[in-house]
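These two chains come separately, so use the hints to put the complex back together.
One line per chain: the protein sequences are B and H, in this order. Residue 245 in the numbering used here sits at position 245 of the first sequence, with consecutive numbering throughout. Just so we're on the same page, the numbering used here is the position in the second sequence counted from 1, plus 1000.
Since the hints were made in silico from the structure, they are not lab data. Bear in mind that the values here come from a model prediction, so they are computed numbers and not experimental data. Take the hints with a grain of salt, since some may be wrong.
Partner residues are not named here, just some residues of chain B that face chain H (Cβ under 10 Å, in silico) [said to hold, decoys possible]:
id: 1; residue: LEU89
id: 2; residue: ARG210
id: 3; residue: GLU211
id: 4; residue: ASN222
id: 5; residue: SER224
id: 6; residue: LEU239
Take a look, some chain H residues computed to stay more than 12 Å from chain B by CB distance [stated by the list, open to error]:
id: 7; residue: LYS1010
id: 8; residue: ARG1134
id: 9; residue: PRO1157
id: 10; residue: GLY1226
C-beta: ideal position from N, C-alpha, C; glycine also.
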Amino acid sequence: MRFGFMFSEVAQGLRRNIAMVISIILVTFISLTFVGTASLLQLQIGQMKNYWYDKAQVAIYLCTDVSPEATCPRGEASEDVKTEVQERLDSPTLTPFIEEYYFEDHDQAYANFQEQFSGNAVAQYVRAEQLNETYWVNLFDPNQSQIITESFTGLAGVEEVRDQRSYLDQIFNILNIASLAAITIASLMLVSSVLLISTTIRLSAFSRRRELGIMRLVGASNFSIQLPFILEGVVAAFLGSVLAAGAVLGLVAFFVQGFLAERLPFTSFVSISDGMLVVPLLIAAGVVLAAVASGLAIRRYLKI
Amino acid sequence: MISLQNVTKKYKGTPRPALDQVSLEIEKGDFVFLVGASGSGKSSLMRLMLREDIPNSGSVHVLGENLVGLPARRVPFFRRKLGVVFQDFRLLPNKTVAQNVAFSLEVIGKSQGFIQEAVPDVLGLVGLAEKADRLPSELSGGEQQRVALARAIVNKPAILLADEPTGNLDPTTSEGIMALLHSINLAGTTVVMATHDRSIVDKMQRRVVELSQGQIIRDQASGGYGVRS
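Pulled out of the complex, with its shape left as it was, chain H reads as follows (with noise of 0.2 Å):
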């Protein structure tokens, strides 16, 4: 499902490669966590899954796709098979909550027919059916953070990437996401989820992967956020 042989990515200015000899495997249906300090690579990693960037060295094969050789034409309908979501929400402020979610289906050129069914069921899915009509500013940081994973999952991904989703919520409130992203995982959807929350993975006990200046320091099947917990 992504697979990272011997991944090397260095950013000009740098002299420390921010990825150094990375191979990383998941498979399908894995809910994996991307731990570690800030500037150990998680973000990169991240960019690299979402072809936002190339290695300078090695493979990343997602999908099925080999992303290094993968045409920028093409780029944009890898994309459509994953979904994304951010620690800062990223909704236009000025569309409703379901115009939001329907705006990710416009734009990939859904029909509006398609649109119409699938964006309800999807609000539906995350709570927020009663809110359908609001604006992101009207809500809270939780509620905001539901309508973009609403967002990223309309389309139904194989593969969600989550950097930080948690990152701007207060503990009861990242809980919900949580368990949001754990039935999004139980229907099947592989999830990779980048955080600092050491309570979150703690309490998950999923697999994770911590990384330390551009390398793979732990791969636990089932761990927490630090060695020793």
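Bound conformation, chain B alone (with noise of 0.2 Å):
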């Protein structure tokens, strides 16, 4: 079939269904516009976790006069207590997995704690003591964090040992369960563009059944006839697509970059070329599943 007809076809059938075709594209628009902002909150995770998880430590706590009586029944830790500790770091069995580690003593913490909280009331209370001694222990693999858990939690004089990925952790959670919930959102959205569409090709093909019974006895092949009703649901689909990247690369260019970049200035957001990685995914998945789903409606509409 001549493309210049199969085009008059399309657009006519586009024409009498406008108000279809315009709930496809909102429909389509909006679903893809959580499914874009679900993958970019997923890159947004991935950047961070590769950010942080890098610079995460492990902190091995030394108990202090004022840590808990049940992990420190003795109290400040004592110099025996660090050696112990500082001789395990440097043993055969951890090396191997520590990059470096240092001590921060009393004044350190304080100092480090009157700098991070400076102009807060707290800053003005605590006392050098009230803070824990500290070794910090950068890993070559942070996942590995396992192993100087294990090996120092329960020890005498050493009050906790942390992984500072554990804070990090519950940031990502709460992104991820965001993350979910687009997608949730997205899928249900999804749901009913496919039905929008099948039911639009099927109205669509309705309101054209005297030409396609025409065509199926003149002959016209299978693809030939059908093809004009996926473009119909394709070209709906491709407008909501288009719709939805302009939104999701929209957000990350006002919002993102625009707000929350120059709010948090140390944080590394997720950019507009990451945005340009989401937008051929959302045309991707906007054209093949109007094309699934009219072409599964008008089949089923065209029995030979």
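Here is the structure:
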């Protein structure tokens, strides 16, 4: 079938069902925007993980006089404890995993605390002795923090071994839940957009049943009968996914880069180029989904 | 050209088969009337020849194709070798006469050049050259059937199937359509026409196949509508 003829058929079909076509465009637009947002959130999580996990250290907090009785019955950690910890860190079993470690005493901890909480009322009340002396350990592979935790937890004079990633994981959990929510909403919306597309295509086929009957009688091939309908769905979904792509890029440009990045300067955020990665995904998803939905709909409607 | 062997066709929900062990041979260039009461199986027979249906048993061969075994994707290409007209014309109301004929060529991928030549030719053949730009609603019933005929034969089919083509027309108009069918037949196209129109069959004195209750009860080389005519 010639292209000019086919496109005039497609345009005619779109015009006849304009209300349905608009609703397809809007529903795919919204659902794919959610898909895009979820993928960007995942990218963001990945990026933050890369950035922060490398910097995350394992802290071996030593006991202080104000530590809870249960873990530190003997109060402030003695020099022996420090020697013991240091020896273990230098032992051949642990050295292969440790990139470097350093010791932070009360005064350094106090200085860091003052810096971190400067202006905050708590900075005035805290005393150096209340802050733990700490061994900060950088691992070659941050995933192996378990080794340090196991080696030092329960050691007399050690209050707690803490992987900093456990703080980060909470943040990532929240982000993950958010992206899961977005995916859930997106899939519900996508289901309705698939149903909407197949209903629209069936309506379109119904309104053209005379033409279809004649096409079948004179021997138009199944492909050339079905293609205009499939294209109809695809064109509508394509417009929707282009809008969604625009919305996702807009979100990155104006909200993430324009708003978040300015207010949280030390965090790396997804950039426009990450957004551009998502765009082809959205458009492909929209087009493939529409092609499958309208293809199935028209196939069921047009038995030979 | 058309060959049916022991064809039986049953439809769901009806105990009596629509066609019961029907065998029929139609040669190239034949002009065959299918006659019989409503429900005698004429339409079922036509549907089988057009591969709109396949029989429950028996074989149907048309133009060298075994229609029972023909895969669905090749059905359209088979149908291009056939022309069909119906009692209700089946024209597209929003297209002109010429566009209606051109549509059937466009959808099978004929070139614009071919369409521009073939359409005026065939409209001239059916006597509608003057009305190429009219809409079907502006034409009389006879003229509309001529458009349908033009559409059916524009692709030079070997077989023309006509399902009660004069069913909606008055006798004078019907005669015009029959004259047209006759000339199409003379040009070499095999014509199979299902009809209730007694006077036409009696007048033409061509081959008559009479169906009753799904069986062929008469196959006469040159006959009338009823047995005693």
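Evaluation of the provided hints:
1. At about 74 Å, the closest approach between the beta carbon of LEU89 of chain B and any beta carbon in chain H exceeds 10 Å, and the interface hint on this residue is violated.
2. Against a cut-off of 10 Å between C-beta atoms, the interface hint on ARG210 of chain B holds, since the closest Cβ of chain H lies about 6 Å away.
3. Checking GLU211 of chain B against chain H by beta carbon gives a least distance of about 6 Å; that is within 10 Å, so the hint holds.
4. Hint status for ASN222 of chain B: holds, given a least beta-carbon distance of 6 Å to chain H, under 10 Å.
5. Given hint, SER224 of chain B at the interface with chain H, holds; its Cβ is 6 Å from that chain's nearest Cβ, closer than 10 Å.
6. Restraint check, LEU239 of chain B versus chain H: the minimum CB separation of about 26 Å is more than 10 Å; hint violated.
7. With a minimum CB-CB distance of about 19 Å to chain B, LYS1010 of chain H clears the 12 Å threshold, and the non-interface call stands.
8. No beta-carbon of chain B is positioned within 12 Å of the beta-carbon of ARG1134 of chain H; the least distance is around 18 Å.
9. With a least CB separation of 10 Å from chain B, PRO1157 of chain H falls inside the 12 Å interface cut-off, contrary to its annotation.
10. Its beta-carbon lying about 32 Å from the closest one in chain B, GLY1226 of chain H satisfies the requirement of being farther than 12 Å from that chain.
Comparing the model with each earlier hint shows violations of hints 1, 6 and 9; every other hint is respected.
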